[in-house]
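Dock chain F against the given chain V, drawing on the hints supplied.
In the order they appear, the protein sequences are chains V and F.
Going by the working numbering, the first sequence opens with residue 1, and the numbers climb by one from there.
Going by the working numbering, the second sequence opens with residue 592, and the numbers climb by one from there.
FYI, nobody ran anything at the bench for these hints, they're computed from the structure.
Don't take each hint at face value.
Where chain F lies over chain V, by a calculated footprint (3+ residues, C-beta under 8 angstroms) [what the hints assert, rightly or not]:
| hint | region |
| --- | --- |
| 1 | 4-12 |
| 2 | 24-38 |
| 3 | 52-66 |
| 4 | 87-97 |
| 5 | 384-393 |
Where is the CB? At the ideal position from N, CA and C, for every residue including glycine.
Now for the letters of each chain:
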Amino acid sequence: MKFTDIVSPFLAWSRAAKKADTIPYPKKSNPGSDRYRGFHRNDLDKCIGCGRCEEICQNLAISMVEVKDSQPIKGDSGLRPSVDYGRCCWCALCVDVCSTGSLSLSNSYSWPTDNADACAFIPGSDEKAWDDSKKGYCQDNSILQWAGSPRVEMPVAEPDERIKSFEEVVRGYSPEQAAAEAGRCIQCGLCVTACPANMHIPEYLRAIANGDYSHAVKLFFDNNPLPEMCGKVCTRECESVCAMGYQGEAIAIRWLKRFACEWFESLSDVLAVDEKPLEPNGRRVAIVGTGPAGLSAAYYLTRMGFETHVFEKDGEGGGVAQSAIPEYRLPSGGYEKQMDVFRKAGVKFHYNAEVCCDDILKISDDYDAVFIAAGLQRSSEFTIPGVDLQGVEHAFYFLMNHPEDGSIEAGRRVLVVGGGNVAIDTARSCKRLGAEVVISYRRRIEDMPADDEEIQEAVEEGIDLRPQNIPIRIEETDSGLLYIYAEALMIDDPAGGRPKPVRKDDIEHGIEVDKVFLAIGQSSDLSFLPDEISDNLNIKWGRIQVDEHQYTGVKNIYAGGDITPGAGDVITAIADGMRAAKAIAESCRTE
Amino acid sequence: MNGSTDPLKTTPLFFGPQHPGVTGNMSVEMWFDGDEITRAITHVGYLHRGFEKLMERRLWIQNFPLVCRICVPESDINEECYALAVEKLDGIEVPERARWIRTLVLELARLGVNLMSFGGQAGTIGLGTGAMWGITFRDFVLDLFEELSGGRIYHVYVQPGGVRRDLPEGFKKSVLSVLDKIGERLPELDRLTLNNAVFKQRTVGVGIVKPEWIDEMGLVGPVARGSGSRRDVRKDAPYEAYGELDFEVVTEDGCDIYSRALVRRREIDLSMNLIRQILDLMPGGPIAVPLPNLTEWRIPPGEIYTRVESSRGEYGYYVVSDGSLRPRRIHVRGPSYVHAVTLLERMLVGANIADVSNIMVSLTTCPPEIERSR
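Just chain V, with the same shape it has in the complex (with noise of 0.2 angstroms):
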């Protein structure tokens, strides 16, 4: 013990004349900092109630709850997060994993309130002070990735190869990928919401990520009967508003699909492991058309007990999406593995059966509903100059009948004017016979009806994509054709509509081409339908009006895919089939 040690200790009462360190709250606060973990705010217009903030929070303080001014619609589940304040411990995990980065966390956490119930509430809706405040903790998913990732990319052939032959450019997933891609689902259930035909796609790509194939398949054939053509050509919906797909790529569904029905030699044999049709009811439907509707209601149908007749005027099924549908997306070599499980449901299929006016009122006579799903079979008229000429061709007609078997000419210089499907398949078919293509379109490459992968890939082998070209005629010259066209300008349609091309000035170009395809879409053909039927339809814009379960109002007839008004693509018109089934099931028993 040393003298200093007395004296030391009551040095320490120097400090009393110092600036104390204690914050003298409330005449003056302490602010969180930029990065504090307060209380939560929402951007309610960005989130779409996908829940991840609920399902990853540990002390149960999220439940998705319902708000006034929103509603659920596709890809929005209409729910917010609410959060209880008695729950929460701030650790932000529900900000990090936000699908969307709607949420965040503010730096206000004082908040006195002698109302306990009101410790619970829904950020964003329920206003509170720091709503607009920027402070606080926000996601930043660059790095983390916890709110979005990369896909697993899907290996495809090199452009310069696929452009040699018909020969399917996707290659497919090995099981461990298609594992690590079906693992990024986060089961919100978002996309069943926006897939027409609403399969259960969480579902199956947890069968999928586990391994359990048969199961995924299964799943598939629940509400889809295509899922090999779905696993190749579908529009998936699903993947557009996929939670993942908003701070990183939308999970693979399509790809997914396709992987599980490649792996299985027969589809059948898996469904008959624990699947019996109903006992046969004696009612009997007649189906025209073996396109995606058709084949979808008639399967349905069959498992429900009815003697379930398909007539096709050609002498396969699949439709025009079987047929006009190039090689290299949707190989024929799955017709057979799908034909399969219709023919072992029992569907009954007539081939070269046409079916004419006066048969439909026999039809309808003889059979307890008759369901129509003739589609679409001609392609639409274009009115220009020298539509006529020789070597000016309709890219449909083309399509259908298999260019790549290559008994058609394509030409050496070839010009595809339209910018939907049938545009860029008839590009790329052409490529693939080893013609130079340029594809025409009016409008910008952005509203391209056409799907955006396709358009990528047609870049990628090499076809020559012109945006804003208005046609304005086709003439004939030594070496071949002519196309003149003019440049447009886009004007904004005041009424809130897609941008209008206007021509940009009077100078006109030409492209020397030896063909010209003309893809600007399919019309319908209802010659086949009698008077005394198409008279009671309601047909508009050459398709028949129908209610939501598919029925055209006239007794026992219904009818759906293309020839009805929708989307056009082969999800919808799988969703039309099973929705006809249900009802004339339904009408069926009522009656």
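Frame of chain V, contents of chain F only:
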């Protein structure tokens, strides 16, 4: 009289769990003769939290905001142990910069907790100013944590795969200014504690931890280092960036409370030194590796023990995975079990009743460590 609980000769006393001198939610049942304790039994069971069981019911990522709550003053060691275990089981490589940031965080946390417990030692003998100042200095460190992680106490910052956010803009400057401020004022605190006659009277020669007990009971940290041991996980089995830092293990051989306080005081200087080194050597690069889908994240089957040096000594996690979405079993090994049960019960025999809290605080007992799952 040692060991006696004879009701005719001794007085029983239940000390805690509400007594301000107890280090937390625990109590000591004592019998004493006059002022001298004849027998002491540690009682726990006041913290019905069951962390280890809770962890078995949470996803791997959901445990990361949970583990920090096991230790309030030094949450980061739990995050670090848990992250190390998950990374080793899942084969995750942590980026270089993340390793250095983690080391920084661990040292900042050690600095904060040592400031508090060093000041707290004075508090137990009635020198309240020292306790307050210690807490004040720690608050400066908490300001840094708030700036870095968004939380003052529970940082939820060290995550499997790296750290959650990069250092904020100007963080180095903030850290250095806090170190300067604390460094400048520490001599004032020393005058109240180490150079204080009252403090010395109450601590020198009191609460002896015999060097032979270190191996016998498995004592670690400042408790062991105050009795001449050189045991320190940072040196013995370097983790993160400790192997690349230049430092000597702090050790004293007085074996009493004063020695242990001195070890903590020197640890404060060491931490400040290490933090300056880390800030100078901090490499660039990414701060985390992407993890798989958090709600589908399965860790390959296996078991692992990971350990770090906490402010109280070696701190470890034993983690078992059965390949599922959740841990099969996690056991947290904190030093307080031996310090506050085996050692404390032995040390209190023969001690003066007025020194109970003094001794308890010198062991920096953390009751949750004793009864976490029990």
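Q) What hints, given by number in increasing order, does this structure fail? A) Violated hint (a single one): 5; every other hint is consistent with the structure.
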